[in-house]
Amino acid sequence: MEYFVQQLINGITLGSIYGLIAIGYTMVYGIIGMINFAHGDIFMVGAFIALITFLVLVAIGITAVPLALLIVLIVAMALTALYGWTVERIAYRPLRHSFRLAPLISAIGISIVLQNYVQVAQGARVKPLPPLIHGGYTLLEGNDFAVRLSNIQVIVVVTTLFLMVGFSFLVARTRLGRNMRACEQDLKMAALLGIDVDRTISLTFVIGAALAAVAGLMFLLYYGVVDFFIGFLAGVKAFTAAVLGGIGSLPGAMLGGILIGLIETMWSAYFSIEYKDVAAFGVLIVVLIFLPTGILGRPEVEKV
Amino acid sequence: MLRDNEPSKPPAFVAAAKEAALSALVAFGLFVTLIGVRTDQGPTGALVLATRFGPLAAIVAAVFVAAFIRALVFRDATAISLGRLVPPRVTAVVSGLAGYAAIAFLVVALVVPVLAYTNRYYLDLAILIATYTMLGFGLNIVVGLAGLLDLGYVAFYAVGAYSYALIAQNFGLSFWICLPLAGILAAFAGLLLGFPVLRLRGDYLAIVTLGFGEIIRLILLNWQDLTGGPNGISGIPRPSFFGLPFTAGENGFAATFGLKYSATHRVVFLYYLILALALATNWFTLRLRRLPIGRAWEALREDEIACRALGVNTTTTKLTAFALGAMFGGFAGAFFATRQGFISPESFAFGESALVLAIVVLGGMGSQLGVAVAATVMLGGFELFREFAQYRMLVFGAAMVAIVIYRPRGLVSTRTPSVFLTERKVIPAAVVQDARTETPA
Amino acid sequence: MSPTQILAVEHLSMSFGGLVAVSDLSFDARRREITALIGPNGAGKTTLFNCITGFYRPTVGRLQLAHPDGASFMLERMPEFRIAREARVARTFQNVRLFAGMTLLENLLVAQHKALMLASGFTVLGLFGSRRYARAEANAIDKARYWLDRVGLAARADDAAGTLPYGAQRRLEIVRALCTDPVLLCLDEPAAGLNNNESAELNKFLRAVREEHGTSILLIEHDMGVVMEISDRIVVLDHGVKIAEGTPEEVRHDPKVIAAYLGVADAELDHVDAEVAP
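First to last, the sequence lines map onto chains A, B and C. With our numbering as the guide, the letters of the first sequence map in order to residues 82 to 385. With our numbering as the guide, the letters of the second sequence map in order to residues -18 to 422. With our numbering as the guide, the letters of the third sequence map in order to residues 57 to 334.
What the hints contain is simulated information worked out from the structure, not anything from laboratory work. As the structure is a computational prediction, the values presented were derived from the model and not from experiment. Beta carbons are placed, not taken as given, at the ideal position from N, Cα and C, and that holds for glycine. Treat the hints with care, since some could be wrong.
What the hints assert, rightly or not - Subject to a maximum C-alpha distance of 30 Å in a straight line, what follows is the list of computed BS3-like cross-link-like pairs (lysine-lysine):
no.	chain 1	residue 1	chain 2	residue 2
1	C	K199	C	K260
2	C	K170	C	K199
3	B	K406	C	K170
4	B	K406	C	K199
What the hints assert, rightly or not - To spell it out: a stretch of chain C is covered by chain B in this simulated footprint if at least three of its residues, at any positions, have a beta carbon under 8 Å from a beta carbon of chain B; those stretches are:
no.	stretch
5	139 to 147
6	151 to 162
7	211 to 217
8	295 to 308
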């Protein structure tokens, strides 16, 4: 029982990270119908930028953890957003009216570019970061097992909740959010009504990248180590989360993220840790085949 | 007419300079952390920093200059289409030459071992190119003809290779029996993969096939008893010349034909073997294009709903495409296994699928010649830049992006009809649909 | 079903979630007749077509098709390609769906897929150059040439379908459907975008098809010139419900139909209804 609760906590934490990345996938797919294959690698870039910023801050003497975290958060979000913006401008916008495979192939190319860029720039070895946030709470005890809720886990979940609330507000109440929803419904019409479609799409990518950066920072804090390849797996799992929750739906992305995090954690804990990624892919395939609109998605009727 | 008080040059420079400054600023933001700072593991295992402001400044300056020139010279073009740089007459002539190019290609391919006999390096490269060409032909059936975006093609390559290795090792059957068996097993894998994905739309299909590819790799990596796990399978039986082993002994190939033994014999044989396999795949595909199944594949790519309205069973059509594409991938895998003598899951990662897909798409979907040319150019180019190791992958990715933006229809951007009433007219790629289920605009 | 009926639609309803597109619709189409479906936009005509041709599964209702030789099919349960292949119902689309990158000839050959597949021994025999397949393909090409001639497109047989002008594309789509030797041909707005000459040609052509090949035709159309000219019977839909059925003469004067198209003030509606009370 205690073991189960611990896995629950771990799963929700991991799931929050996936959820943040999944939001980026779901927003972009909702607005231009494209799977941003390189989004996982944006997350990886965000993690690296966070890492480097940390190290730089420490090197110049800013060691107070809360202050450093805040600075890293802002810097990572800003710079990763810049990556998101640049990628969209260079690799996706020119292809908006091209054939359907084109943006996907371009995205695959960008994914390769980002992975190798980081590999060339920083080397292929893993990059460790000493734990910055210590301590936690013991929630339950029994059967020789203590259920621990670490401070990092609290931070991850709280930050995620905060961002989710802020983001839902953005989409529901602000003009940008309205523009995004309009573009999702009918891009041409939105343009005809005077919405700056290019800018709205750019902002969508920017926000998605910023959230991925937060996920990257959380990942760095939680696992303490990053390498250039974390984007691929995290990306696929986050995409699975987005589809599971219902592609195009924001609460769906978060819900999907949590579910995937739980599935992965439970699978590793109770079945087999080597095959945990297979579990993730398996879920993806099952969902796409049997429930393509996801849990919270809207059923699509094919127009003949 | 230039009036006296009409401002002339400076504002253009100023505007360009502003744009360039903005680009440089963006470049700075992008590169300041990842290039400006280098992290390495220090003596204690913790990371140490080193600054690289020199390279950072150089890159930002380069971006500034490039953006400046672009703003000044190509002011009115947002994206230069390379296609427009080439006058239409040249394109027409080049398209017309396609038939001759194919023959020339074939001739060169046949004599490569003669030309490169003393240079093992080129021979190995030729084998590599031929292998990927064959993979390209196989994937071409799925992606190019039927328009089904398969991102997990490497799975069939792997199934073919491992099937061959296990059958050859455990049952001791000859290459000529193991090869078809490996192909059949790969075809089964194709059916297994095909069944669940039939109803999926383009992008989702791509992701699911990617998932399958990864699942296969993970299974190969973890099912140690069967596949040897990360260590793979070694000691795979090498090919023989229809029974004559390529050894230096009395009963060997060299002795039987009165030649002095050389290790190159086997390599040349392998080259002609893969060339024959690739040519057979090519012949097969060309025949299939003229048969109803091939036409159904292309119709499926053009408009699936119209296909169904005409009574075409799109389910079996898709499954056939998957199975046949998988079979050829399996054959290539079997060849790979016997050529290397050793296989491991490392050779079957997603990167392979991406590479083969790039070859098919950039070659010009559906075009056999395009695939062959693309394989040669990409792998040859790859090898040319061998010293640059990591950078070449970077360039590969960037090239993929550049080509899909500037020449989206690939090298061979025309489609040749498989049947004609009076005259075979070549169709420009702009008219050809690919994997849409919505109505063409 | 009586021998004169080819298609019997019984109590058909189609809803998408909360939206009811077609409600309790019943009518029949008769053999060797041209039946037109008309009604304002949004009346549910294309939805009905999609139900008949198997692209939608009706929520409720029966669709029975009877061949001249007595074979009968329950279309509401069949997937679209079986309806095309076994029940021999062919259709065209509101937004023309051609295989744009393939030539006209190739388009028509795809339509003859079933026969050619059989002749090629499901590809196996065809691979090795069987003569049976060569003959079957030659026959198929002849049939394609015949139909292309009938609509004046033979000269462009080797051009890509996507390069045809709009009117020609519509004609191509119709003959592509005819290459499947259908018993019932469903045309979705075949006259859309055609000028008067082209419409007149279309009328002639459809009548000829009916006469020479015995094909029954079901037609959605807005162009009243075409509808009144060639239809034997007309079914009028409005908001998913049948509001009139009969010969062109009967329908032309039906006040409910006029009201549906032109609108009638609510206050007058009872008055109009009372006037036409049977």
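Comparing the hints with the structure gives:
1. C:K199 to C:K260: Holds, because 20 Å separates the two Cα atoms, which is no more than 30 Å.
2. C:K170 to C:K199: With a Cα-Cα distance of about 14 Å, the restraint between C:K170 and C:K199 holds, given a limit of 30 Å.
3. B:K406 to C:K170: holds (26 Å)
4. B:K406 to C:K199: Cα-Cα ~21 Å, so holds.
5. 139 to 147: holds (count 4)
6. 151 to 162: holds (count 11)
7. 211 to 217: holds (count 4)
8. 295 to 308: Not satisfied, violated; 0 residues make the cut.
Comparing the model with each numbered hint stated earlier shows that hint 8 is the single one that does not hold.
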